[in-house]
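Colleague: Take 24 as the starting number for the sequence shown in the working numbering and just add one per residue.
The hints are simulated quantities; they were obtained by calculation from the structure and are not laboratory data.
Just so it is clear, CB atoms sit at the ideal spot from N, CA and C, and this is done for glycine as well.
Warning: the hint list may mix true and false statements.
To be verified - Derived CB-CB ranges, DEER-like: (1) Q164 to V38: 33 to 39 Å; (2) E133 to Q53: 22 to 28 Å; (3) G89 to S202: 20 to 26 Å; (4) T159 to T83: 44 to 50 Å; (5) T179 to E133: 46 to 52 Å; (6) P208 to V61: 31 to 37 Å; (7) F221 to F191: 25 to 31 Å; (8) T179 to W90: 19 to 25 Å; (9) T179 to S116: 50 to 56 Å; (10) F191 to T129: 30 to 36 Å; (11) Y127 to T184: 30 to 36 Å.
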Amino acid sequence: MIEKVVAFVTRDSAVNCELLLFKHPTAGIQLPAGTVEVGEGLETAVLRETAEETGLTAVTIHRYLGWADDPLPPEGMWVDRDTAVYAQPDPASRHWATFPRRQYVTRLAEANGFVQVAYVDNDEPRDPRYESYQITGWVPQDALTRTRRRHFYHLTYNGDTPESWTVFTDNHTFTLFWSPINDLPSLIPPQGTWLTHFL
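Work the whole structure out from these sequences, hints included.
Modeller: Now the structure itself:
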């Protein structure tokens with residue numbers, strides 16, 4: 024199972040409660056969120072992801088809001104651990120690529136305890152119909168999972184920040200800003216639906 028965390032970071036302003044959001048340079052407006060590393064606790068993960076994506080370290084976990092499993096199409100799977108990609112359903116066959124843990128793949132076939140999967144990278148910023156590259160191969164069945172669980176946390180921040188600021192992480196510059204809870208902008212899908220765990 025792949026576990027994820029989502030941080031609803033709030034602060035009280037003079038007139039309203041505000042939620043911390045960020046604008047990704049190509050993907051849109053988002054909440055701080057990320058993957059729980061192997062052996063990492065959920066609370067440690069949500070604090071780490073919040074610090075990495077927002078630059079804020081003086082946040083406090085107010086409460087755990089619950090969890091939900093991400094829906095998958097029938098052939099969708101997640102890579103549950105770093106794994107070699109083989110040319111045939113046999114570990115003695117040519118190992119020509121590696122899938123990292125948490126990679127989304129599509130199941131094509133099964134044989135001998137292996138699953139043939141495909142990973143397709145679309146050129147989202149320029150033309151999502153264009154496939155930049157594709158990897159197809161065989162991986163051990165026990166390296167895959169159909170479960171990705173999101174854990175939702177409400178965090179509070181009591182310090183001072185500018186109205187907006189930037190953080191460079193994951194090879195992107197995120198623009199952080201506070202938004203009144205009663206007037207939130209549209210979040211990228213499916214993050215808008217995550218608000219039901221908080222509001």
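Colleague: List in ascending order the numbers of the hints, as given earlier, that are violated by the structure.
Modeller: The structure breaks hints 1 and 2; every other hint is satisfied.
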